[in-house]
Amino acid sequence: MTLDALALYAAALSLLIGSGFVLVGVIGLLKFNDPMTRLHAPTKVGTVGIGMMLLGSILFASASGQTSIHELLIMAFLFVTAPVSAHFIAKVTIHRGTCETPPAPPKDDTWSTLNSPDDQTAD
Amino acid sequence: MSPDEFLSIAVIIAMITLATGQVLSMIRFVIGPTSSDRILALDTMVINAIGLVIVLGIHQGVKVYFEVALLIAMLGFVSTVALARFILRGDIIE
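Order-wise, the sequence lines are chains A and B. Using numbering that gives the first Met the number 0, you'd call the opening residue of the first sequence number 0 and step up by one each time. Using numbering that gives the first Met the number 0, you'd call the opening residue of the second sequence number 0 and step up by one each time.
In isolation and in its complexed conformation, chain A is listed as follows:
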C-alpha cells in the first residue's frame, strides 16, 4: 500500500469522525432543555467536527500531490473565536434572565451583566 493510498484512507476516516461529532453536537443542540446546557453541545461541532474535516482536507491535498497546510488557518481561527462567541451567547442568556441566576460574585462585586453601572447611578 503506497503512502498516497494511506493518506486517502486517513482523510476518509477523519471525515467520518468529524461527521460523527457534528451529528452529536447538533442533536445535543436540539434535544437539551436549558439554554445554558444547549450552549455546551455545538462546541463539538465547531472544534472537533470541523477540525477533523479540515484535517481530512489537508490529507486529501497531500495525497493528490499538492501539499498545503492553509486549512490550519481556518482551524486556528475557529479555535480562537469559539470561546469568544460562546462567552457572548452566555452573557446574552444571563442578561435575558432565561437561566438560573449565577451565584453571587466574591467580595462586594456585582455581575456587570446583571447590574449595569447605569442602574446603580439611577438608584
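Because the hints were derived from the structure by calculation, they are not lab data. A portion of the hints provided could be inaccurate.
The list that follows gives simulated cross-link-like pairs (lysine to aspartate or glutamate, DMTMM-like), each with its CA atoms no further than 25 Å apart [said to hold, decoys possible]:
#1 A/K43 <-> A/D33
#2 A/K90 <-> B/E93
#3 B/K62 <-> A/D3
Which stretches of chain B does chain A cover? Using the computed rule of at least three CB atoms under 8 Å from a CB of chain A, they are [said to hold, decoys possible]:
#4 26 to 37
#5 41 to 47
#6 56 to 66
#7 75 to 84
The beta-carbon is built from N, C-alpha and C at its ideal position, and this holds for glycine as well.
Assemble the complex: chain A is given as a structure, and chain B must be docked to it using the hints.
This is chain B only, laid out in the frame that chain A set:
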C-alpha cells in the same frame, strides 16, 4: 475497498450529516424559545456551512474553496458577536 471508493463514500456521508445538521439547527432556530438559542443556532449553521464548503472542495478536488471557508468563518464570528452585542447593549458600535 479501494481508497478512492472509501473516500467518496465518506464524502457522501459527511455531506448528508452536515445537511442534517443544518436542518436540525434550523428547527432549533425556529422553535427558539429564547433569543440566545436563536443566536446559537445561527452560529452552528455558519459552522456547518464551513464544513459543507470544505467537503465540497474535497469532492471536486479543487483548492479554491479554502478562501470561501475562511471568509465564511470570519463573517460568521463577526455576525455572532454583533447579534449578541445588539441584544446586550441595544447597539452594535457605540
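Hint check:
{"no.": "1", "hint": "A/K43 <-> A/D33", "verdict": "17 Å, holds"}
{"no.": "2", "hint": "A/K90 <-> B/E93", "verdict": "18 Å, holds"}
{"no.": "3", "hint": "B/K62 <-> A/D3", "verdict": "18 Å, holds"}
{"no.": "4", "hint": "26 to 37", "verdict": "holds (count 6)"}
{"no.": "5", "hint": "41 to 47", "verdict": "holds (count 4)"}
{"no.": "6", "hint": "56 to 66", "verdict": "holds (count 5)"}
{"no.": "7", "hint": "75 to 84", "verdict": "holds (count 5)"}
Against the hints set out earlier in the document, no violation occurs for any number.
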